[in-house]
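Asker: Below are the chains, spelled out letter by letter.
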Amino acid sequence: MSKKPTIELRTSPHAHAGDDVVRIMRNVIYALLPICAFTIWEFGLSALALLFVVTVTCLLSERLFNRLNDSASSLSDWSATITGLLLALTLPPGFPLWMGAVAGFIAIALGKALFGGLGMNAMNPALIGRAFVQAAFPVAITTWTPAFFEGRFSQFIPTTLTPPFLQSPTIGEWVATVNIDAFSGATPLALQKFEGVQTDIMDMLLGTTAGSAGETSALLILICGLYLAARNMLDWRIPVMVMLGAALTAGIFFLIDPVRYPDPLFVLCSGGLMLGAWFMASDMVGSPVTPLGIIIYGLMIGIITVIIRLFGGLSEGVMYAILLGNAATPLIDQITQPRVFGQQRASK
Amino acid sequence: MGLLNLLFGLKSFTHGIHPPYHKDTADKPIRRLPFPAELVLPLDQHIGKPAIPTVRKGQEVVRGELIAKADGNFSVPIHAPATGRVRDIELMPTPKGPKSNAIVLDVYEGSTQEVLWGQPREMSDLTQQEIIQEIQNSGMVGLGGAAFPSHIKFMIPEGKQVDTLIINGCECEPYLTCDHRIMLEYPKQLLRGIRYAMRASGTSQAIIGIEDNKMDAVEVLRSHLSKGSPVRVEAVETKYPQGSEKMLIKSLLDREVPAGGLPADVGVVVNNVGTLASLGKLLPEGQGLIERVITVAGPGVVKPGNYMVPLGTPISHILQQAGYEGSRTEFILGGPMMGPAVSAMDTPITKGTSGLLVLNEPSIEEESHRIWPCIRCARCVYACPMHLNPSILGQMAAKRKYEEMAQEYHLNDCFECGCCSYVCPSNIPLVQYFRIAKAINREQAV
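In order, the protein sequences belong to chains L and F.
So the first sequence is residues 1 to 348, counted in my numbering.
So the second sequence is residues 1 to 446, counted in my numbering.
No wet-lab data here; the hints were simulated from the structure.
Glycine included, C-beta positions come from ideal geometry on N, C-alpha and C.
The reader is advised that the hints may include incorrect statements.
Stated by the list, open to error - Computed Cβ-Cβ distance ranges for the label pairs, DEER-style:
hint, chain 1, residue 1, chain 2, residue 2, range
1, F, 96, L, 75, 41 to 47 Å
2, F, 261, L, 206, 58 to 64 Å
3, F, 327, L, 18, 19 to 25 Å
4, F, 436, L, 7, 47 to 53 Å
5, F, 435, L, 75, 52 to 58 Å
6, L, 75, F, 327, 29 to 35 Å
7, F, 227, L, 335, 49 to 55 Å
8, L, 139, F, 436, 21 to 27 Å
9, F, 446, L, 312, 56 to 62 Å
10, F, 72, L, 231, 54 to 60 Å
11, L, 148, F, 436, 56 to 62 Å
Full structure from sequences and hints, please.
Answerer: Pasting the structure below:
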């Protein structure tokens, strides 16, 4: 006891598991990077520009609202970056950049800052942004481009560079020039729903189909999601329950009429189901915290997705299903409070 | 019960955490330290009414002599841990936080560590009531940390039947190894204490529950038991907080202590191994509790180990003997999960202190301690052994809805094990919120 030490005073527990929010968020980004890279490889310059513009808009918006709230910068928690990347991945690769910026701003402003920032948002901010542009720009958000078109690293998709506040040009002619095969301009889901054409499962697993920037390769998304689950950075029960709910619902209809309705495997591999299940439904903030609640929430999203797909006007329903799930979360949490140790099961 | 436990048949409870255990002192035999120059003996070092001093300032006392008597039934006496002179009875720092009245002894240099005071007796002659009385006379409290008067545990409330004595040898807190060493070094004393406890509580069977990271203790105790003994040893899963009464009863007997209830409500009396080993030694000798085993450990300690120290030893003396290093240090009495940090180096070891840890941790101001908003990751929900919802409780605490927390979300079932704070990636001090909420609710109830 030569010199007096500085005595730290803290309340117990004096040990900590070591994980923190920043580490979780960083890992989500690690898991998203392969998907982003694949998207860029698939759709070229346009996808890169879209990812960049949307993410930067999200970060700038986050900073802007920090300033308006007089609070410290929250960019370092990486959550705005995740919102930006996820949002960009849900948009068509040739989505006009200015519309992407609008989506990014809305995602942070209406989806997050309005509620009080990280942890307070009722719904997934990225999906709020996407829902907004889906309503505002219905044509642009359903304009698809073929994957792996020639010259994708030297030229933009024409719609990408649409000047602000203008509608995007039609791209039928351009598609014809870059694509050898006939391209109908529809995603596998739309093909199945409106034209009764079944896309090969292998194409959907590997991503050689049309679709939103980040949702084409179901296999890659699954692998990236499993990485997060293995590192305990997401609750694996949620995506599993979403997929289970979707597969079961689809399975029932498929058994009733296999000609009219798609098979469960197609349902799982198509559209945004994988991305939604692994990266958006599993968003901790918007999902229930109770063990039973998580199961109800996941199943609900899976079931609603398939019902929208089969009976709704849209070909894809993941986005609205997750938003509905988010909206139901407080209620689910409340009615599924776990039985406390030592309390009788039937209280009162 | 988890799937693995079902497969391997290991007994356990649901939820809980697996912190790094750091049981580095498990192979260090119990040693004695030289006596300190002064001893500080708080009169309220047990739960219940403070003891009443029976000595005056300046009086000479002999090691083992009674120096404070129990104030009624819900209280225990205090004995002199060393021969010396009463310097004063004054306010001194305690592990609990606020200062409280304590007898301060100046220890005579060269004072012997033999106990000179006591009235040996034939234990087999005593009735159940007499044993309970002797337990109170010994000043015994739960040595696992709660410091609850032991004799009260054996006084089974009318209308309740107990059939099983559980002996808690889990020692689920990281770092601590004193109970482990007691089981290895004093198995005969422990088994003797168990026999007394069974007679005092009127139970017909006893189960020693030990976490399976201490299989050597399981073996040693089993080797001392004959066939047909009412005492058996069970290994339970190594998981925090296995050593909590409620969790251990659930693990061993699959009985759930009702909310707000006591182990006696499900026919069980629980005692710590250290407590019963001490009783096994003290009762036949007619002596009082004057010393205990503590674990001195942590990255900041030079000579970590398990030490038998007189009660009232200031932590500065122990640190002098064991040595410590580090400029920014946290001193913790007990384990890292539930033990309080102390602010004064003259804080004494009391009956309920099971360890002294020296942790060199980054400062509070550093980034690793930054508190983020709750992201509703639900890790706390899966960690809480009481199956509470710390996530919602934490959010309500931030809004100061303390009454609602107790009424709707079972705040009062929280026993502050710290699992929720341990896992929280946002570093939210959940347990501290809950302590504050409970304290305010208590104040408003008065």
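Asker: It remains to establish, for every hint, whether it holds in the given structure.
Answerer: Results of checking the hints against the structure:
no. : hint                      : in the structure
1   : F:96 / L:75: 41 to 47 Å   : holds, 43 Å
2   : F:261 / L:206: 58 to 64 Å : holds, 60 Å
3   : F:327 / L:18: 19 to 25 Å  : holds, 23 Å
4   : F:436 / L:7: 47 to 53 Å   : violated, 22 Å
5   : F:435 / L:75: 52 to 58 Å  : violated, 34 Å
6   : L:75 / F:327: 29 to 35 Å  : holds, 34 Å
7   : F:227 / L:335: 49 to 55 Å : holds, 53 Å
8   : L:139 / F:436: 21 to 27 Å : violated, 56 Å
9   : F:446 / L:312: 56 to 62 Å : holds, 59 Å
10  : F:72 / L:231: 54 to 60 Å  : holds, 57 Å
11  : L:148 / F:436: 56 to 62 Å : holds, 60 Å
Checked against the numbered hints listed earlier, the structure breaks hints 4, 5 and 8; every other hint is satisfied.
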